[in-house]
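Protein chains in written order, with this note's numbering: chain X, 1 to 91; chain C, 1001 to 1420.
Do not rely on the hints blindly, as some may be mistaken.
[Said to hold, decoys possible] Keeping only pairs whose Cα atoms sit at most 20 Å apart, straight-line, the calculated EDC-like set for lysine to aspartate or glutamate is: (1) K50(X) to D1289(C); (2) K1058(C) to D1042(C); (3) K1295(C) to E63(X); (4) K13(X) to D1371(C); (5) K1361(C) to D1387(C); (6) K1361(C) to D80(X); (7) K1199(C) to E63(X); (8) K1295(C) to E19(X); (9) K1199(C) to D70(X); (10) K1292(C) to E18(X); (11) K4(X) to D1371(C); (12) K1199(C) to E19(X).
Simulated from the structure, these hints should not be mistaken for laboratory data.
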Amino acid sequence: MSKKVRIPTPLRKLTNNEELVEVNGSTVGEIIAELQTRYPGFQERLLDDKGQIRRFVNVYVNEEDVRFLDNQNTVLKEGDEVSIIPAIAGG
Amino acid sequence: MDSKTGFMHALKCRECGREYPLTANHVCEYDFGPLEVVYDYDRIKRTLTHAAIESRPKSMWRYRELLPITGEPTVGRQVGFTPLVKADRLAARLGIRELWVKNDTVNYPTLSFKDRVVSVALSRSKELGFKVVACASTGNLANSVAANAASAGLQAYVFIPSDLEQGKVLNSLIYGARVVGIKGHYDEVNRLCAEIAGKFGWAFVNVNMRPYYAEGSKSLGYEIAEQLGWRIPQHTVVPMASGSLLTKVHKAYQELAKLGLVKATPHRMHGAQATGCSPISTAQKAGLDFFKPVKPNTIAKSLAIGTPADGFYALRVMSETGGAADDVTDDEIREGIRLLAECEGIFAETAGGVTVGVAKKLIASGRIPADESAVLCITGHGLKTLDAVAGHVGRAAEIKPSLREFEALTAHDDHPLVNA
């Protein structure tokens, strides 16, 4: 129990404007599935047809990009925080 | 011109094509694809002619119809129209027939191409009623947002990696902006800014204002084509951080062709990165259409974006135009800075060293044929990154105020003696 997901602005319509959601899943993939059950439409916004995280979506576990970890298989522990962030232009 | 939308039609997702109203919004809520401004080119064609453009003041706003604001520009009216320099001495050194340098080191007011994007972003922010503007930046954007916000009376917050060059930090502080250094690299600054933008409702120029902001880069391409006598150069070499500039210069050439302002001649777009942060050039060299994010480690801090948001599109543009990409080491970057300075009297920041260094490689390897013509986009001034070259360019000689000492010092110099 008790990992948190920070919901980005473009997805808050799905979560009734909730910014921070508590979840139970033990991997990033499980959490996405869990959020899909709770907020239908969530998964298709994050994953492409092949089930991969979309190329303009960045998912972080405690500030580390999951592409530097184990992508959707990244294991989560109690208290971890997951952020979902759209890619941003340069500066 | 329609006062509500100017020459714009809508924002449109580059991935799925869904359209959105012209608000401060950068992401498609269905697939997170970036939103881009769509224009009404038929209407633009009616007023944007060679004669009309050439009759207007020499700034980026002479192409006003192709820039995404609804009224007249209110911030940065003097930005742009920087010199396009025929670089014969550098051409000889690099071994190419014809070479041009688009010199945005002298862009107004903060000496980098970022004044172009900020002029658009802040003019649009004012139209949308924002009072606070902000950005995530590797330095140049921070300088430009701080300066242009000051002149427009807007409050500015700029977020930068805390290890930035001192020059770039001071160059933001001086304008009275709130400067926040984040202990982390740019991608982490970006992540935080995405979260702040979602919460604070400010105009973040490269987050929620990105569709407008990014279009400002096109003016670099319009100017190059006009300054070449209304033609598209055979080769254009562009530094890549997020990859946005390369795609926008290309878009500029395409728009001019579509409007009949230039002939649609073949042109190759080439991308330049630093080896210490080369996700896009690595993918291009491997023939991939996707990149792997990296953790940056390079002196070219203005290009140090490990997760480049427009990397996919930059790869596509290079592939479609037959362009190439390459990357250079820190030493090659310094050598590039020196070459440009010694041959053309232009002192560029590290990104300029990257562009010159990569151009040298592309010419030497024949990817840019020696008998053709190329334009190098030099995007920021060297005075901003003095730390990168300090200790690598020699030292000033020190002597007593004595003619004898001077003669001894220069006895072996190779210089003509007028009265010898």
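(message) Can you confirm whether the C-alpha distance between K13(X) and D1371(C) stays at or below 20 Å?
(response) violated (57 Å)
(request) Mind checking the alpha carbons of K1058(C) and D1042(C) for me, to see if they're no more than 20 Å apart? (result) violated (25 Å)
(request) Would you mind confirming whether the straight-line C-alpha gap from K1199(C) to D70(X) stays at or under 20 Å? (result) Violated, because 29 Å separates the two Cα atoms, which is more than 20 Å.
(request) With a cut-off of 20 Å on the C-alpha distance, tell me whether K1199(C) and E63(X) pass. (result) holds (18 Å)
(request) Decide if the proposed pair is consistent with the structure: K1295(C) and E19(X), CA atoms, cutoff 20 Å inclusive. (result) With Cα atoms ~28 Å apart, K1295(C) and E19(X) exceed 20 Å; violated.
(message) Given the hinted pair K1361(C) and D1387(C), is their Cα-Cα distance within 20 Å?
(response) At roughly 25 Å apart (the allowed maximum being 20 Å), D1387(C) and K1361(C) break the hint.
(message) Hint check: K1361(C) vs D80(X), CA-CA at most 20 Å. Holds or violated?
(response) violated (46 Å)
(request) Given the hint that K1292(C) pairs with E18(X), test it: the Cα-Cα distance must not exceed 20 Å. (result) violated (32 Å)
(message) So if I understand the rule, the pair passes when the alpha-carbon distance is 20 Å or less; does K4(X) with D1371(C) pass?
(response) Roughly 59 Å between the alpha carbons, so the hint for K4(X) and D1371(C) is violated.
(request) Mind checking the alpha carbons of K1295(C) and E63(X) for me, to see if they're no more than 20 Å apart? (result) Given pair K1295(C), E63(X) holds - Cα atoms ~13 Å apart, limit 20 Å.
(request) For the pair supplied as a hint, K50(X) and D1289(C), confirm whether the alpha-carbon distance does not exceed 20 Å. (result) Holds. K50(X) to D1289(C) sits at ~17 Å (cutoff 20 Å).
(message) Please verify whether K1199(C) and E19(X) have alpha carbons no more than 20 Å apart.
(response) Holds - the C-alpha atoms of E19(X) and K1199(C) are around 9 Å apart, at most 20 Å.
Checked against the numbered hints listed earlier, the structure breaks hints 2, 4, 5, 6, 8, 9, 10 and 11; every other hint is satisfied.
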